[in-house]
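K.L.:
First to last, the sequence lines map onto chains A and B.
Residue 108 in the numbering used here sits at position 108 of the first sequence, with consecutive numbering throughout.
Residue 256 in the numbering used here sits at position 256 of the second sequence, with consecutive numbering throughout.
Among the clues, some could well be false.
Stretches of chain B that chain A covers, calculated by requiring three or more beta carbons in the stretch to come under 8 Å of a beta carbon on chain A [said to hold, decoys possible]:
hint	segment
1	54-64
2	285-296
3	312-325
4	328-339
5	374-385
No lab work stands behind these hints, which were simulated from the structure alone.
Even for Gly, the Cβ is constructed at its ideal location relative to N, Cα and C.
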Amino acid sequence: MLKALQIEPEKCTGCLQCEMACSYENEGVFNPAKSRIKVFTFHDEGRFSPYTCTQCAEAWCLHACPVEAIVLNDLTGSKEVISDVCVGCKVCTIACPFGTVNYNHDTGTVIKCDLCGGDPACAKACPTDAITYVDADHTGLQRMRAHAALALPQ
Amino acid sequence: MNHLIIGAGPAGVIAAETLRRLDPEASITLIGDEPEPPYSRMALPYYLVRKIPEHGTYLRKTANHFDRSRIQLKLGRVAALQPEQHTISLDSGERLDYDRLLIATGSHPFSPPIPGMDLPGIVPCWTLANARDIAGRAQPGAKVVLMGAGFIGCIILEALARSGADLTVVEMEDRMVPRMMNEKAGNLIKQWCLNRGVAVHTSTRIEAIEQGGRHPLRVLLDSGSTLEADLIVSATGVRSNIGFFDGSGIDIDQGILIDRNMQTNCTDVYAAGDVAQGLDFSTGNYSVQAIQPTAAEHGQIAARNMAGHTKALHRGSINMNVLDTLGLISSSFGLWMGVDGGEAAEQYNPERFQYLNLQFEEDRLMGATSLGLTQHVGVLRGLIQSKIGLGKWKSKLMQDPNRVMEAYLANTQAIGFNAEVLKSPSR
Chain A
1 MLKALQIEPE
11 KCTGCLQCEM
21 ACSYENEGVF
31 NPAKSRIKVF
41 TFHDEGRFSP
51 YTCTQCAEAW
61 CLHACPVEAI
71 VLNDLTGSKE
81 VISDVCVGCK
91 VCTIACPFGT
101 VNYNHDTGTV
111 IKCDLCGGDP
121 ACAKACPTDA
131 ITYVDADHTG
141 LQRMRAHAAL
151 ALPQ
Chain B
1 MNHLIIGAGP
11 AGVIAAETLR
21 RLDPEASITL
31 IGDEPEPPYS
41 RMALPYYLVR
51 KIPEHGTYLR
61 KTANHFDRSR
71 IQLKLGRVAA
81 LQPEQHTISL
91 DSGERLDYDR
101 LLIATGSHPF
111 SPPIPGMDLP
121 GIVPCWTLAN
131 ARDIAGRAQP
141 GAKVVLMGAG
151 FIGCIILEAL
161 ARSGADLTVV
171 EMEDRMVPRM
181 MNEKAGNLIK
191 QWCLNRGVAV
201 HTSTRIEAIE
211 QGGRHPLRVL
221 LDSGSTLEAD
231 LIVSATGVRS
241 NIGFFDGSGI
251 DIDQGILIDR
261 NMQTNCTDVY
271 AAGDVAQGLD
281 FSTGNYSVQA
291 IQPTAAEHGQ
301 IAARNMAGHT
311 KALHRGSINM
321 NVLDTLGLIS
331 SSFGLWMGVD
341 GGEAAEQYNP
351 ERFQYLNLQF
361 EEDRLMGATS
371 LGLTQHVGVL
381 RGLIQSKIGL
391 GKWKSKLMQD
401 PNRVMEAYLA
411 NTQAIGFNAE
421 VLKSPSR
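Same shape as in the complex, but just chain B:
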């Protein structure tokens, strides 16, 4: 069996390794378009603050890991897919055959349609090359404008602030991290940043970027004011890398449409990770989540189906995130924005930057948002995923949402080896 995997991020690498375990004889080729060994974009912020060296971002740390697993790494960029012929073609003109193909091409930073976005000095924070570029330019005293206060924007704030740069954040929505935090949580994160000397403009659009005078760039805001900048970091979201597949016959919406086996509409073609529009556990709809745990789940399930050993069925991934914004830790899970006809339990302590919001449907937890919570936070996922009926603990949580761990224990009696508890919730 000849397995071809496009994309050397977490989904592609985990799929390749899973395939190797399931099929010792198979030929496995992993195509990436960056010169470094497979690395994690998740780790780039920690490389930027010099907490880890460059090799600290690598997905696998053992020397010759891919050689020893007989996974062939190939540098190249895919140009097109010919599903009828079971081939792909690369930019170089080379054609590669496959028996089974996994598309794990990930996503790319979205560049908003703003005049001047192509000027030098405007960079996303997406690749190792970008991170090196930003580290070189974010010097003490440099004026840095961060476009977008989403997940990536917030997570690199620490690095930009620590560089000693003079930092301004511009976000068009009314709060920070609008896609994972509600109004209270998003505004507490904003206040946290303001308290640390970072200027934050929410509900503000960038109209244009032009060449400046004293500083190389000038940002024009819809409020009429301007910001001078030496460096602009663009973090306005990501989009699936689907451009190569135009005209191939593969079904595409926001990402590549897959079924619960990670299979596309084309025979022997699978998709996983940020490029795939897969099942969402909470909504039952198919969406692009673009998060690490989902990429890992997709990669494993795709590989099991590609190997033909099992009909592995995806149960759906929970959309969830954890974020550290200048030391303030936030997380959100599932239907954190609530459900129609549902109830919410909330604890809001703005002086201490603590917040916990639980969203219920009847007596089941459907979503959650937390700020300043670092202990036992994963149990929020456990309660959502196991669909445990909380019974009398629902009203206890309505009074004190902090007792989620007790609610979980009381309802599962999770003792000793309890992994099976999640598979078959007893109530």
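Just chain A, same shape as in the assembly:
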């Protein structure tokens, strides 16, 4: 059964533990700027929204890559950047309509969420279960509900 990150913004307190955990897991440093997950703040509404790659079926990044540096991980369903193959052309960063592939100046390659190979550090670090790693089907259902219920008033 494929699993997916389920993000429930209403549970997020904005503590940024997920960003710290992601950065440490993937880069070996505590630097939120290098995190693959990002918490966006809505101060005037007192709301926080963690956001990262959804491993979407369209895989815009993967199809746009000219050198086959983004591949599907069959076990986790994630789309992963192979750093050694990435030339740093950044086409995937403009192709991803969700804005979740970013260029890393230090390495000259792009970075994106790879679900930590099936054990995502952000979900483990989240103290309020705003980020959980659950069956993909379950997430789909939750998303539909959340999308309908949480739309911001205009």
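With the hints as your guide, set chain B onto chain A.
P.N.:
Using the frame of chain A, we list chain B on its own:
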């Protein structure tokens, strides 16, 4: 079914692979006119700076990828098309039959009508062979003139500058990258280059190139001054490869005219990529975009129609580019130049080489330009493509255009698996 694909670039290769997935029994032949395995021109600048070896430019990395997919690679150059007979002929005189044909012949570097353009030492940066040639000639201390500060010119600046060459850029428009950057952004890129010791002449035309004295070439500028050069890299734009199709009856404008199924006016003949004049998402017009993401989209849609499995309809591709000019990253999307009666939000910080410009029509994002932005830049595409009405977030973005990601989240509540959000925007 016998599928024939002319052109082994991204559009052709993606089409061949998509066809194989959809039709396991089909015969698929991919014709290319270069000796190397299918490779990416996008990767050549990174080969030039020796970041990757030559095989790092290859489109597919697995050994025997094409054999294993039963895609036959054939080296040859197309001479003519006979759509009535369902055949093409090659330079060698050989004729090939097809049931369905995909023309993905790409584009070629435009050579401006300047006296002396045929002299040795003037090369485009378009093929692996060109890249090897440039790498060999751009030695430390060599005088190098780059003709054209467009996308390709800017992206190879890094390689030329790092080679230790003495570099001068000549661009006839009033700024750098005029086809993807507005005046402010294009001039900031120029300033960035000047600060790094690259001489940049904008609003300057090259009148002629002649053989030189101390250096093999001499460039005569319309300002009256001259530049000595050991190497001239010509990067003055590209044009669709449509020459083979004269007299074939296929409809051609700037490129081969296609409909939303990627089909030409000739039965069973499709076109994709740089050679195809396809639907532009933003303008609703048909144009040659000559960019990688569009080639990939075209290739996939053409293959689905050729396989006959679905009537796959092209929604139009967004014209967009991302460029790294000596480390300064810029991007532009859609109608970055603005729309009639629209509004713009802008943040301009020249000291830090940061710029963000958003173009709206009512409360929808239509285009964008960015400089120095590397985080979440793709959301600009998402906002344009999903045609999301931004509501109250429009005025927030007018005050602070940097909040595009928050604007997107607030309007989509994109949570968990949210791919469907884009397909059916809720407002």
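K.L.:
Go check the segment 374-385 of chain B versus chain A for me, would you? Three or more residues, Cβ under 8 Å, otherwise it fails.
P.N.:
It holds, with 10 qualifying residues against the three required.
K.L.:
For the segment 328-339 of chain B, count the residues whose Cβ lies under 8 Å from any Cβ of chain A; is that count three or more?
P.N.:
holds (count 3)
K.L.:
Under 8 Å between beta-carbons, do enough residues of the segment 285-296 of chain B, three at least, approach chain A for the coverage claim to hold?
P.N.:
holds (count 3)
K.L.:
Under a C-beta cut-off of less than 8 Å, do 3 or more residues of the segment 54-64 of chain B approach chain A closely enough to confirm the stated coverage?
P.N.:
holds (count 6)
K.L.:
Mind checking, does the segment 312-325 of chain B have 3 or more residues with a CB under 8 Å from chain A?
P.N.:
Our answer is that it holds, as 4 residues pass the Cβ test (under 8 Å) against chain A, meeting three.
The structure is consistent with each of the numbered hints, conforming to all of them.
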